[in-house]
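Participant: Given chain A, put chain B in place with the hints provided.
Taken in sequence, the protein lines are chains A and B.
Residue 71 in the numbering used here is what sits at position 71 of the first sequence, and the numbering runs on without skipping anything.
Residue 166 in the numbering used here is what sits at position 166 of the second sequence, and the numbering runs on without skipping anything.
Quick caveat, the hints were computed from the structure, so don't treat them as lab data.
The reader is advised that the hints may include incorrect statements.
[Unchecked claim] Lysine to any residue pairs mimicking SDA-like chemistry, simulated, CA-CA at most 20 Å apart: (1) B:176 - B:126; (2) A:158 - B:60; (3) B:105 - A:253; (4) A:158 - B:64; (5) A:167 - B:78; (6) A:167 - B:103; (7) A:167 - B:104; (8) A:167 - B:134; (9) A:158 - B:104; (10) A:253 - B:89; (11) A:167 - B:151; (12) B:105 - A:173; (13) A:158 - B:176; (14) A:253 - B:93; (15) B:67 - A:164; (16) B:67 - A:161; (17) B:233 - B:219; (18) B:105 - A:174; (19) A:167 - B:66.
All figures in this text were calculated on a predicted structure; none of them were measured in a lab.
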Amino acid sequence: MRPVIASSWLPAMREPALRALVPLVLLALWQLASSLGFASDFVLPAPVSVLAAYRELWQSGDLQEALKISLARAALGLLIGGGAGLVLGTAAGLSKIAERGFDTVLQMLRTIPFIALVPIFVVWFGIGEVSKIALIVGAAISPMYLGTYHAIRGIDPKLLELGRTFKLSHANQIRLIILPMALPGILVGVRYSAAISLLALVAAEQINASAGIGFILNNANQFQRTDIIIAGILVYAALGIAVDALLRLLEHKVLVWRGAHV
Amino acid sequence: MSELAYPPEAGAAPVITRLSGVGKHYGDTTVLENVDFTVRRGERVALVGASGTGKTTLLRLLGGIEKASGGVAQITASTSVVFQEPRLIQALRVWKNVLLDDANKPDAKTRARHALRDVGIEDKLSSWPVSLSGGQAQRVAIARALQRNPELMLLDEPFSALDAFTRRSMQNLVSKLWARYGFGLVIVTHDLEEALILADRIVILSQGKIRHEMQVDLPRERDVTSPEFNALKRELLSSFSLTLT
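Just chain A, with the same shape it has in the complex:
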């Protein structure tokens, strides 16, 4: 017989514990390497130094200010790019004419790495906010477009036939069948678009940022503050994880019908 304790708390704790294990081991190795002097504090500052850098950034208010600005850039780019992707994907999904009209162009756009656009965007939009937002917009369009387009095209034709058989109007077919059934795929598009928006944010903030996380990184670079550089990089990582977790939660709430047993 298995011990009672094993069956009660171990299974519940096992997953988070397993997930935390590797990062914690890496963190310990990192601290150990610094403490034993394997890495100089300039090349790889110890975790405690990075923590101290956070405290410094937080107390001066720089981090909060930078987060607000960076998040606003990513959100605005995602909103415009994702919105455009949603509209174009819906149009291409619903209409063959629309699909033939702009699918090729969007597929071409998709194959261009968005980082390659940085020089031309600087020429077109300058080094201010516009080129940063434009870069994020350009990056966010394709995943949203593809997600929406495939979600709509992937709907079971038998359901669409049902709509015709029951003489639903075109608007009602879209409202009752197409959009609800395409929602899971659209939400996948949202997640990809959000992730790539954060990537584009990092690239965009390398263009002469005068505010935001990228500005902190550039400044730290000039003052050779490796601890702040690492702190800034980890903020980008945390943003990525936080946004993905948030969108997963949203997905869980919105798509309750997929696993419901009510």
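Facilitator: Just chain B now, kept in the frame of chain A:
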């Protein structure tokens, strides 16, 4: 929904759907050829035949889902279809699946409740389709068809995916609903017993043509153990075998 004490007598009732010399081709493939077929108000007809003989295509013509390639098809606009699969919209709760575009009308939920009570699953009103069993999902599909108050109900092998017990209870349900509402009924099936339980007239198709028709002169409520039922079953089986040669 209008309740009838008894379905009108077939034969005396007016024709609601008529196909005259109808054919259906897909490219070079002929699926139906020169089919004459009528359904009267309140009449129950079963279409039987082996796979690929055009029974489902015939039903789809009756439902206006497909257009005939030739001949004259006069079909009633008031039809509802129950497909082989329930075809529920997984993202909508059961009651919205029943009502579809009527879900915004006043008293909508009450109407859905009545329709679901008719098929015996009123308690599933607010459930999600994913939580239903196969039989329950097909009951929702029947409620959805019934809610439209159709003159002609078309069933396309509706119970072929269900187990024998569930199938029998679904057959009873359809008989009961027909007796209450008196719609015309055309059912496609490859189960000869099901045809004898649910129909007053059985049409046998083979290679796209109507090969044989048989009247089922049995009491409205079928007793599958009676000698008369079994005699008809033997007769149907032998007619059916003849069409296979």
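Participant: Okay, which hints does this one fail, numbers in order?
Facilitator: 1, 3, 8, 9 and 13
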